[in-house]
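> FYI, the working numbering numbers position 183 of the first sequence as 183, with every residue one higher than the one before it.
What the hints contain is simulated information worked out from the structure, not anything from laboratory work. Check before you lean on any hint, since a few could be wrong.
[Said to hold, decoys possible] Simulated crosslink set (DSSO-like; lysine-lysine; CA at most 30 Å straight-line): (1) K120 - K43; (2) K406 - K440; (3) K34 - K935; (4) K119 - K675; (5) K633 - K173; (6) K440 - K389; (7) K440 - K211; (8) K950 - K783; (9) K211 - K666; (10) K738 - K145; (11) K26 - K145; (12) K268 - K644; (13) K365 - K406; (14) K536 - K586; (15) K368 - K406; (16) K675 - K703; (17) K638 - K303; (18) K674 - K188; (19) K664 - K674; (20) K144 - K732; (21) K155 - K127; (22) K953 - K970; (23) K389 - K664; (24) K119 - K134; (25) K558 - K173; (26) K218 - K174; (27) K467 - K536; (28) K175 - K155; (29) K127 - K145; (30) K446 - K558; (31) K145 - K115.
[To be verified] Quick list of the computed label-pair ranges, beta carbon to beta carbon: (32) A233 - S620: 41 to 51 Å; (33) R439 - T618: 29 to 39 Å; (34) E530 - R439: 13 to 23 Å; (35) T50 - T962: 43 to 53 Å; (36) G326 - V733: 55 to 65 Å; (37) R439 - E379: 21 to 31 Å; (38) K935 - V733: 36 to 46 Å.
Yeah, the Cβ is synthetic: ideal placement off N, Cα and C, and Gly gets one too.
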Amino acid sequence: MARVQKNVTKAVTKKASSIPVTYDPKKIEPVLQKKWDKEKPFKALASGKTRKKPFYILSMIPYPSGVGLHIGHPRSYTATDIVARKKRMEGFNVLNPMGYDAFGLPAEQFAIQNKVHPKKAVAINVKTFEGQLKKLGFSFDWDKKINTTDHEYYKWTQWIFLKLYSSYYDTTKKKALPIEGLVKIFEKRGNQNVSAFVSDTVLGFDKNEWKKMSPLQKQETLMKYRLAYEGVAQVNWCEALGTVLANDEIVDSKDGPVSERGGYPVTKKNIRQWFLRITAYADRLLSGLDTIAWPNNVKEIEKNWIGKSEGAEIVFTLHVPGQSEGKHEVTVFTTRPDTLFGATFLAVSAELARTWLNVGWQTTKDVKEYIENVIKDHEKNDFDASKEKTGVFTQIFATHPGTKEKIPVWIANYVLPGYGTGAIMGVPAHDERDFEFARKYNLPIKNVINPIFVRADVKGVTNFTQKNKIVAFVEAPDGKVLTINWGPELGGRLLIGGTVENGEQPSQTALRELQEETGYCNGKVVSFSEEIFDYKYFATSKNVAHQAFTRFVHIKLKDLENKGDALENNEKGKFKVEWISKEQAKKEIVEVLHVYALEKFGYNLPFSGEGVVARSGTFSGLTSAQAKKEITKSVGGKLVTRYKMRDAIFARQRYWGEPIPLYKDKEGLIHEVKKLPLTLPDVASYEPTGTGEGPLANIASWKKAGYETNTMPGWAGSSWYHLRYMDAQNKKVFADPKEIKYWNQVNVYLGGSEHATGHLLYARFWHKVLRDYGLVPTEEPFKQLVTHGFIMASDGRKMSKRWGNVVNPDEVVETYGADTTRLYIAFMGPYGESIPWSEESIIGCRRFIERLYKKAQTVLTENVLKSDAMAEKAIHKLINKVTKDIESYSFNTAVAKAMETMNVMDGCKVSVKDFSLILQILNPFIPHVTEYLFKECGNREGIHTSLWPKASKKLLVDDEITIGVQINGKLRGTITVATNSGEDVVKRAALNENNVLKYLDGKEVIKVVYVPNRIINIVIKP
RNA sequence: GCCUGGGUGGUGGAAUGGUAGACACGAAAGACUUAAAAUCUUUUGCCGUUAAAAGCGUGCGGGUUCGAGUCCCGCCCUAGGCACCA
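Full structure from sequences and hints, please.
In structure tokens:
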């Protein structure tokens, strides 16, 4: 640290200019920061006050924690600031806001630990945070500052919540509509065929039944439709924290799930909850991804999270012992209705089985115990996929809707309660899990899908030579597999294969080929495939396309004797007969047909791909795609789309959050709070009650008024803040429609990809609801998303108080200055990658600024009218490079180019005017020193309102260029030629290059490849 | 197991299929200095060599190409996400 302070230049002999001899950021930076604070040059103009185009750039809102900023925070703020400053200079009206999201657990915990009111704690933390941010000279529009815990802000969070509460989702119009409309429909015709989204089943009712309902019953019914609704659900309960946690607040540990914060154990518990019906928007959330410029991995994460799968629901009638057949039924969900005829059993979740106990199913104590045990596991969040599959037979049989055969119904631990219908059809031949289960309990395995083998090399071929073929899987007594190694050119390693000759049975062919090719004659056919597989491929050796009708044969050799003199002569030398282990065979055999034989006979693996349907009555011969539709239709099933995503729990049993603006009257009827905000009252204790109710339940007046005692979860306030920034001071609406229309959408959003399934998804959801009401003009809130990597500690670990390796930006600024800190953050590596902080490397950035400063002194003293040509070119190349690199968030290469330019300029004369261009170009990275020097250079205009320089195209081109000369692709020399020289000129020069001449001596030049301004490659005979 | 990224000097990292290692840190040598720091100059992938030349080199093995860090096939390692989702 002390190193830089000593690092002071004494040795400037003459007084160069009016600027101090030594670069001292402490003399420059605070002065400008104060000036910016006062003059507000970075204020975004309201829509009516400018004709400039809007540009809205946003960093994810920070959570002001008690420990303040660490060096990782400024990474994305530096990036936003670089872009914002450039865009401003390019003539855009830039919105670059900052605010604080301060509700939630950490602030509450901090308050409890430090015995201060969370409000005070937040105020203190915000102050610390803001001081730190301002020291780095970010060009935020501080007038737009928001704080999600401010009641002027959360008033609108509550307002949006009520919007959700008073809406349902119309599945035909595909949008949210007021719930009153639905009530009118119910009054007119009940809920039959109503196109309103529900998350679970609702009993049908007609208009009379609706009228007869009590107000409470009506309320309950409407709850099934509202976008914000109250329900009872199994949630993640953390006893130690006395609260419910969202899935993304839970992490896995070796002892099962624990809370992300504190690492306390998490179990399941049924509790009354508020939910948001985000599942209604699953499809729009999914399809919207195609319209936005987000990183692929984030889109992928959201796609997986939403988890769309298309399949069918098929009803099986049940025969429960002691009850009439067909009295009960069960619906299964499958994505593979084409495999229906391969279903040899049904399996249901323990949770579903338990409900059957209430409707007349009699079973043994053991089975009941089994059910309870599995459910207990599930409650512990134990869904481990590697766990052994278990199950019990229920004594119930189901009628297969296709074959009308009776198949057994099992309870199995691998059937999950929360997905699909909680019941599946077991198709062991085509599903690995069902297969494992069937083998364990000796359930039949029926193969109904045959793969289609078409090799890519016959794409488009229509004429095929047709043949009957076999592929034989031959096992030795010791389990080794017989293979023929044809060598790399003739197809590599294969099993035994051959052509069926006239009048031959396939098994005869197999035995004959075995003997012909290897001489073994003690083989015994164990089994063979009934179906004939159609295999199209291109036989390279014979240069024809084959269509092979193939059957698979499984042969076991009794012994390895009787190796006759046969026949290896036949194609002697072309191949080697080799016995290898199954494992090796699996590795080395690549031919699809042979791989299938190996998997089927050697490994007994189920085939889970699609193909041609077999043994399925009239559907045999259809492709999977066709059969899915046909089979579903024929058994009265319906095609459905399912999503993995669940409705979002929207309540915390906590104090420090937005109150939910609803109350219940004495009858239990829920009413909206008309006058918002419903402010958070003070409490004596923030400790959770531990019963599941929040601390607000301890306030008598709150309870008495019937207010909801849960508060909103941490992500509520951050789900719409991007809109509030557009018009942060507005007291009448959440933002003036004029402003929303003008700013339209966040152009670029910077933040971490870890928010993909949390904040980003919720914000998109809220935005879509507001869109349905015409309150925002766009379907998506964030047009482009740019994710950052983390700054790791220098030990390679994550920065954390725990490891004591946190770097505080204040200290870095103190030692090196804000400009150096920013420059190094930009320079250290690609923005998207995680990179360790290096206290060693930052000095290079400080040196660069010092050289720039010194150059300024020289430039001002010499005051030349025209720069050297070399310098001029370098400057325009810099303009070009930096302009492009900022657009693509490649800040590190932009800085590298600036350093390179500096190296060129050291030996050049530079005019004040050209030097000013450099200052403008570097202003986004190092705003303080460039603004200071820009003024010293005599520029009247302030640097941020100056126009972003344009590179002169003429100056980007060099007169001469060095190109490489290759001989047979290897570099043997370089030549310097005029830019854009013709091939003749370059060729002549290349052939005369000293070192090249040595290689050409007496050799014939076959051809010359010339890529203008790049390379010339001379191909000679070796 | 599945889906995304990523493997390049001592380190962080550059490289539209066209001279691999830009830029920076570090290291070494020299200049200045009584000395040190700072600054400036030079060198710095490995192996050679007085200096060259040649050879080797972008995780591993193949392939396509006049030419591959970059494209294709198959592995290995690593970071992140998902995972009994029928």
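> Against each hint, give a clear statement of whether it holds in the structure.
Evaluated hints:
1. K120 - K43: holds (28 Å)
2. K406 - K440: Holds: K406 and K440 sit about 20 Å apart, inside 30 Å.
3. K34 - K935: holds (17 Å)
4. K119 - K675: holds (22 Å)
5. K633 - K173: holds (27 Å)
6. K440 - K389: holds (8 Å)
7. K440 - K211: violated (55 Å)
8. K950 - K783: Roughly 27 Å separates the two Cα atoms, so the pair holds.
9. K211 - K666: holds (22 Å)
10. K738 - K145: Distance ~20 Å between K738 and K145 Cα, so the pair holds.
11. K26 - K145: holds (27 Å)
12. K268 - K644: holds (19 Å)
13. K365 - K406: holds (25 Å)
14. K536 - K586: holds (22 Å)
15. K368 - K406: holds (24 Å)
16. K675 - K703: This hinted pair holds, its Cα atoms lying about 18 Å apart.
17. K638 - K303: holds (24 Å)
18. K674 - K188: holds (28 Å)
19. K664 - K674: Holds, at about 13 Å.
20. K144 - K732: Answer holds: K144 to K732 is near 16 Å, not above 30 Å.
21. K155 - K127: Holds - the C-alpha atoms of K127 and K155 are around 23 Å apart, at most 30 Å.
22. K953 - K970: Roughly 33 Å separates the two Cα atoms, so the pair is violated.
23. K389 - K664: violated (47 Å)
24. K119 - K134: holds (22 Å)
25. K558 - K173: Violated, because 70 Å separates the two Cα atoms, which is more than 30 Å.
26. K218 - K174: holds (24 Å)
27. K467 - K536: Answer holds: K467 to K536 is near 10 Å, not above 30 Å.
28. K175 - K155: holds (24 Å)
29. K127 - K145: Since the Cα atoms of K127 and K145 sit roughly 13 Å apart, the hinted pair holds (cutoff 30 Å).
30. K446 - K558: Roughly 29 Å separates the two Cα atoms, so the pair holds.
31. K145 - K115: holds (27 Å)
32. A233 - S620: 41 to 51 Å: holds (45 Å)
33. R439 - T618: 29 to 39 Å: holds (30 Å)
34. E530 - R439: 13 to 23 Å: holds (21 Å)
35. T50 - T962: 43 to 53 Å: holds (49 Å)
36. G326 - V733: 55 to 65 Å: holds (59 Å)
37. R439 - E379: 21 to 31 Å: For R439 and E379 the Cβ distance comes to about 29 Å; the hint holds.
38. K935 - V733: 36 to 46 Å: holds (41 Å)
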